[in-house]
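Visitor: Listed below are the residues making up each chain.
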Amino acid sequence: MRMKNIFIIGFCFLSIQLFGQSLSLRITVLDSITNEPLKGASVVVDLRKNQWQTKTDDKGKFTLNMTKDDHSISIKYIGYVPFWIYTTAQTENNDYVIKMRLVENELEQVVISTAKSDQNVKKTLLGVNQINIKTLQKIPAAFGEVDFLRGIQMLPGVSSVGEASNGVNIRGGTTDQNLILIDDTPIFNPTHMFGLFSVIPPDALSNLDLFKGNVPARYGGRAASVLDLTLKNPNLNKFKINGGLSLISSKLMVEVPIIPDKLGIYFSGRGAFTDFLLPKISQELENVKSKFYEGVVKAFWRINTKNTFTAMSYGSNDFFQTDLLSSLPNVVGNTTFFEHKTLNYNAKWVYLINPKLDVTTSFTRANYDPTIGTIETVTKYKIKLNSGITQNIYKTSLNFQNGNNKMEMGLNFTQNEIRPGTLDPGKAFSVNKIETPTEYSNEYGIFMDDEYEFSKKLAGTFGLRYSFFTALGASEVRTYDPLQPRDEFSVVSSKIYGKGEITKTYGGLEPRVGLRYLLSDEISLKLGYNLMRQYLQIVSNTTTPIPTSRWKTSDQNIAPQVSHLLTLGLYRSIDKNIYDFSVEGYYRASKNMIDYKPGADFLLQQFPETQLVQGTSNSYGLEFMFSKKKGNLTGWTNYTYARTFNQVYASTNVLELVNNGNPYRANYDRPHTYNTSIDIAVDKHNSFSFNFVLSSGRPYSKPVGFVSFQNSYYPFYDERNNERIPTYHRLDLSWNISNPTMKDRRYVGNWAFSVYNLYGHRNAYSVFFKTENNSIKGYTLQIFGAPIVSLAYNFKFE
Amino acid sequence: MIKKRAIPHLLILIILLWTTMSCIDPYKVTVQATQSYLIVEGSITDLDEPQTISIFETSETANYKSSEFTATITPKSSDIIPVSKAKVSVIENGQKTYELFETQAGYYTTPLNFVGSIGSSYKLIIEKSDGKRYESTEEKMASVPEIGTLYDKFNPKGIKDNKSSSGNIATNDIYIDYIDPAAERNFYRWKWTSYELQNICASCKQGFYERTGNTATADGKCIQDIKLPGFNYYDYFCEAFCWDIFQGKQIDIFSDVYTDGQTQYDKVVAQIPVYQSNPCLVVVQQMSLSANAFRYLKLIEDQSENTGTLADTPPAPIKGNVTNTKNTNEIVLGYFSASAVSEIRYMMNRQNTIGAVKDGLFKYQSGRDPIPESESDERPNIPFAICKPSVSRTAIAPKNWQFGR
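Chains as they are written, first to last, in this note's numbering: chain A, 1 to 798; chain B, 1001 to 1405.
Because the hints were derived from the structure by calculation, they are not lab data. These numbers were taken from a predicted model, which means no experiment stands behind them. All C-beta atoms, glycine included, are put in the ideal place defined by N, C-alpha and C. Check the hints yourself; a few may be wrong.
Unchecked claim - Derived DSS-like pairs (lysine-lysine); straight-line CA-CA distance at most 25 Å:
| hint | chain 1 | residue 1 | chain 2 | residue 2 |
| --- | --- | --- | --- | --- |
| 1 | B | K1096 | B | K1163 |
| 2 | A | K380 | B | K1065 |
| 3 | A | K702 | B | K1065 |
Stated by the list, open to error - A few chain A residues facing chain B, derived, Cβ under 8 Å:
| hint | residue |
| --- | --- |
| 4 | V256 |
| 5 | P257 |
| 6 | I259 |
| 7 | R365 |
| 8 | I375 |
| 9 | K380 |
| 10 | T542 |
| 11 | S712 |
| 12 | Y713 |
| 13 | N722 |
| 14 | R724 |
| 15 | K777 |
What the hints assert, rightly or not - Label pairs and their calculated CB-CB ranges:
| hint | chain 1 | residue 1 | chain 2 | residue 2 | range |
| --- | --- | --- | --- | --- | --- |
| 16 | A | N653 | B | S1121 | 20 to 26 Å |
| 17 | B | S1121 | A | N334 | 48 to 54 Å |
| 18 | A | T479 | B | T1263 | 54 to 60 Å |
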């Protein structure tokens, strides 16, 4: 008879053939990556647990004998995506091999939750959100570009300074306090075009884990959160092409299995060359030129049942020319341009010692090279200020799982190389070549995470990390008179260190604890505590870092940032995990937060400590989240109350105090935020998504008066961030049409129609004052002041 | 049916609904002052001309409010109070004291025998009549290189100007070259002043201009006449040459941190708006600054001019270099500096200028063509108006003025 494709949730197709009156299916269940048999997976026929339930044996096998009829067979295993088989009267006897995928690898139906759909209540970690790519794709986005940074801003506790912010603020942290990883490789600049788009090729993205509460001990080096983006693994069996076109970009992904079941590779890329449209979007963008692209190549090799090897390379490139940013100062030039490149590599080897124990070893290299430049007026030669950061990360970890005990331990070693800046005049003759010395440092980490279930009710994750940091020569290290402001004149002594010499060390323990207590099957209470140390940060005195902002490690004069986070949460699942409700409260205290002296300038500054000051930051908040995870209507709604106050008070000198030493609101302090994101599936082909965002405006400094001097009027300021810009609100809509031809073909096209800022509210990004004709005018700057309508087409060919 | 494997050639359809938008909206604020600030401003230069220091105070009760429609804040002159009867002196190199005398309320001028000299240090001392004493830091006058070549170029796009219908006004851009001295840190500031000919020296609303008679004064006055309609204007030509004075309002500073010892070409130092096609005199000054004066001006520039970008610097109080000797935490605004000056007085003929109108300055300023009063039986002789000197007008030909009208 005919072969018939049956609907599956997973990645491989099955066919079942007709045979007589009774039906016998022999099925083997394997892990999709390691090919290990999955023992104890539960098999339920027609959702009747009492009559038709069985489990897979040691070899992952089971046999089903039943009448030849319509049946639905579910195969479930904890941590794996459920697998369904549907039979009909025509189905024939057969043997099947089912490869189940880990939820971590591909999360399909779960819209949003803590790691697993039914584990929001039971998981021991707090403040962990996971979004899969399907959800991200449905969230309406500006210009129809899938954007993880805008997506996660729909979650509680995630905010930003506005639509052009170069990163997000998580639970009161600065943008550089988030560790952003793409397949384990760190990303130093997460956006294109100054915050308008995020830097991941959307087709390759599989999953996003946001750790804003408990951060597992395997992550280190940043003080606020971890955003772990996982890319898809190459398909080992099927040749696939996806692609798409939108107003802004075109993208393509090609997956090629080289040796079936053994070796596969893919390329995924996106490019935007449509900057000629920008002036039509806004007059402000008239002088903006922008081109960007990014790509990923990833190969996966299953050497044998015990060993797998993955290699990945990610690159991104930006060019933009704008007058919306201050230019390269003190150079006679007439245009400012920015160029920045990221090039990351990762190689990972997983060795499965036995089904309970595996070793993962990886090497990562991350490289980020931003350039700011100008064009010499008289000769039209380019003058460039090049800078860069390179990290080499060596990591090995041992994962162990036995019953109610899950353990991971490992070692990390990171080498940092920071090139703070070289002014390269090229052929231009009005400028000198100026170099600042390259900075070297190492970071060591040893960690252990243990998840242990004490009883049915009480379980916990116990993580401990020890991090150790060494700042290395060659460098000149200054000692300053502690009673005077740090500047050229207060240098007491200066010591020259040779290459590789240790100039300063820091280190300490970083406990990470999460406890869960089940009040009932559906309600749990959790408590978490985290300590994180950060040795590498951005030094930039702007409201949001610009792509060329300088990265700086700790040294003798800049102490590492240390952050304590205490979280308490209540979780409730309703109606068999269809609904989830949670409340999380947190308090975060950090020290050595960085702020800046008035007029700080880091360009080609060999001693940035003379420009900055360190202080404390305290934030607290309460997050309410309600989500519906299954059904035709899915989505979530949340309300967050969050505050962040900084204080710089240590110095006795008024020049080294911010806001006279009194606490002041952080730039991203937005007390009230209400977000809703809803997706309604109308039928198999049409779905509608809505976002609604309402949030307090961020603070700005309002002048205390205006004075006349230098032939003009100028505002003058006293208190920092003493006012707020107007409240922000926005509604977005998207209409996703999948496969409108409704034909079952190898080629499938999807349309996504979206309107960002549907009712065109002119949300302010900033408030500023300009002097004009002997008077002052206040203004608001808007990024998206009108509805942005776009249509994107995506296709899939398998 | 044949399965279509090729990618359809038409993949994209872009719909753009567009509402007219600009990315910047006016924003209204009301600022109520809570304290008074002293503003001290002035510069000692090596030019052989009187040097003036201005001392003002902001009003403790000042209220700054955005206007209803344009959201413009125009500080009231009553909120800036001159500090009179202060004892003001400048000390040269810690030795010689020059007493300054008050020429106008709040303005103090150096004595005639005073000329600043390069390499000397200057310190400002102020004793207010209420006994408060203020001192500036010592400012050393650094040398400044000469301006090399100077030329102008017509720039039809020009600069933003909200008085013009297009939002922009064309400019004559002034470019200079100079040679930065090697092996020393130099800080620069450029200032410009232009002298434009003005042909209308008085305008009377619902009235007539009189220079003689019972109610008039010798320098002329508008006499109201209620027989004229309320919106009636008469404009009166100047009796002789009269110049309106314009000054650059932007802070234009530069440091040679990246350019030490190199010749700098094509530096734009002034953008002179093309109000009219008449020639004008442009005075460009290249001044030296101390490192602290440069930092101070840089902060002012960052907080008032380099704003409205995607990544602004959060503003902070700016402390000048004048402090209250008893209370060093008191914020005194403004800066006392010492600068050497290289000056070029450039007669710009505007031959390269396109689209400008002769004697168009008045129309630009008032938004209408001049309406001369016609002769009548009652007033057979229409008087010419006096060019009344002020900070923005002079009847004395500026030095180096060359042409006629």
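Visitor: Name the hints, by number, that the structure is in violation of.
Guide: As far as the earlier hints go, 1, 2, 4, 5, 6, 7, 8, 9, 13, 14, 17 and 18 are violated by this structure, in ascending order.
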